[in-house]
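Those sequence lines, one after another, are chains Y and C.
All you need for the numbering used here is the position in the first sequence, starting with 1, plus 29.
All you need for the numbering used here is the position in the second sequence, starting with 1, plus 319.
Since the hints were made in silico from the structure, they are not lab data.
A hint or two may mislead.
[Unchecked claim] Heads up, simulated DSSO-like pairs for lysine-lysine below, C-alpha to C-alpha not over 30 Å straight-line:
| # | chain 1 | residue 1 | chain 2 | residue 2 |
| --- | --- | --- | --- | --- |
| 1 | C | Lys-455 | Y | Lys-80 |
| 2 | C | Lys-422 | Y | Lys-33 |
| 3 | C | Lys-508 | Y | Lys-37 |
| 4 | Y | Lys-37 | C | Lys-505 |
| 5 | C | Lys-502 | Y | Lys-37 |
| 6 | C | Lys-397 | Y | Lys-33 |
[Unchecked claim] From the structure, some residues in chain Y lie toward chain C, with a derived Cβ separation under 8 Å:
| # | residue |
| --- | --- |
| 7 | Ala-40 |
| 8 | Glu-54 |
| 9 | Arg-66 |
| 10 | Asp-70 |
| 11 | Glu-85 |
| 12 | Val-132 |
Glycine included, every Cβ here is placed at the ideal spot set by N, Cα and C.
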Amino acid sequence: MNCKHSEKDLALYVEGDLPEAKAKEVDVHLPACTACRQVVDELSGSQALFKSIRQETVSVAELADLRVRVMERVAVQRPKLLWGRWVYALAGAAFVVVIMVGVLAREGHRDEKSLNVVELAPPPPSAQAVVPPAKGESQNPVKVNVKHRARKKVIQPKVYAEPPTPMMVKLQTDDPNIVIYWLFDQNGGS
Amino acid sequence: MELRATPLWMTGVRSEEEREFVQVLARAISGDVSAFEQIVIRYERRVLNLAWRLLGSGEDAKDASQEVFMRAFRFLHKFDSTRPFEPWLIRLTVNVCRDIGRKRTVTVLLDVDAIQAHSDPHMELSSEEQRAMLQKALQELPQKERAAVVLRDIEGFSTAEVAEILGSSEATVRSQISTARLKIRKALKRRRL
């Protein structure tokens, strides 16, 4: 075809799919162009035949057969689907519970740790404390930042924080009415 | 030239029937099997016809239609009920037919070439022969062109609707349908219809 209108345009034109402006151009062009008219006639004929497929439709019996098959499968599928949705819901809930338990356990552990620190920490210090000088050192008192000392205390074992328990030795004499108790502290002093 | 009215699902306006259908759809989404059956009854003809035209085989079309409704049942809870249902179902049908079309071997409905060899070129073809030749011409088209031309020329959707259903642009759809129409014309001319 030597026309400015391609066969593709004409294939759209026959079914009204060409934009309006272009369709008007074809309307004007067709009476003067035998080749384009022939293409349009052929396309109109083939399209009319092709669209006759519309008239062929499936039978009522086939539709009924399809419906029965679909609804049978739906009846089987439905409980699975519902159960499937419950499984997902339960799995989700279980996951949330596990996460919450984990978070709570961790928080509880943190609280326990912070309680230990409170137990071990010295009473709230003043901004600075005075430490007496050791032997051989200058008689001038040394100012120490208490914050550093408090931190060191936190890592000390718990045993140092508790008061020493006194030991007791019980001596039984020949006379059952006389019992001697000997108490002494664990540092060796009695 | 054929003038086509814009269907309701493209305008957003809902008729009384559409409003009732929306209620049926809501019940089906919540798991009501009888409501789902109403949907099947409403669309079974459309789905089966479309599948048959896209696949060219009655048995494949039945299998495809079953699969379409089963997928619809499975994924109905994911459907956005503010959107029109029909394009969703038609898109599902096109996708299922494309999947089945990929797997199957080429189905020949009738030996069209044999008919042509025995036919007198001057004798008018019987409607059965005509039907077989049209189906063969249709099945010879590439899948995308076939889907576009069937939706536009047989199912009667507008170019804009076809573009929405196939998820492509109107320009692409226009190109596909014009190419398909020219191929059909050529195929029918070759067979002296």
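Structure-based check of each hint:
1. C:Lys-455 <-> Y:Lys-80: This hinted pair holds, its Cα atoms lying about 14 Å apart.
2. C:Lys-422 <-> Y:Lys-33: With Cα atoms ~42 Å apart, C:Lys-422 and Y:Lys-33 exceed 30 Å; violated.
3. C:Lys-508 <-> Y:Lys-37: Between C:Lys-508 and Y:Lys-37 the Cα gap is close to 17 Å, so the pair holds against 30 Å.
4. Y:Lys-37 <-> C:Lys-505: 13 Å, holds
5. C:Lys-502 <-> Y:Lys-37: Holds: C:Lys-502 and Y:Lys-37 sit about 11 Å apart, inside 30 Å.
6. C:Lys-397 <-> Y:Lys-33: 49 Å, violated
7. Ala-40: Y:Ala-40 check passes; min Cβ-Cβ to chain C is 4 Å, inside 8 Å.
8. Glu-54: With a closest approach of 14 Å, the Y:Glu-54 hint is violated.
9. Arg-66: With Cβ-Cβ at 14 Å, over 8 Å, it is violated.
10. Asp-70: Cβ of Y:Asp-70 sits 10 Å from chain C, so the hint is violated.
11. Glu-85: This hint holds: Y:Glu-85 lies near chain C, its Cβ roughly 7 Å from the closest one there, short of 8 Å.
12. Val-132: Hint on Y:Val-132: violated, closest Cβ of chain C at ~31 Å, above 8 Å.
Of the numbered hints listed earlier, those contradicted by the structure are 2, 6, 8, 9, 10, 12.
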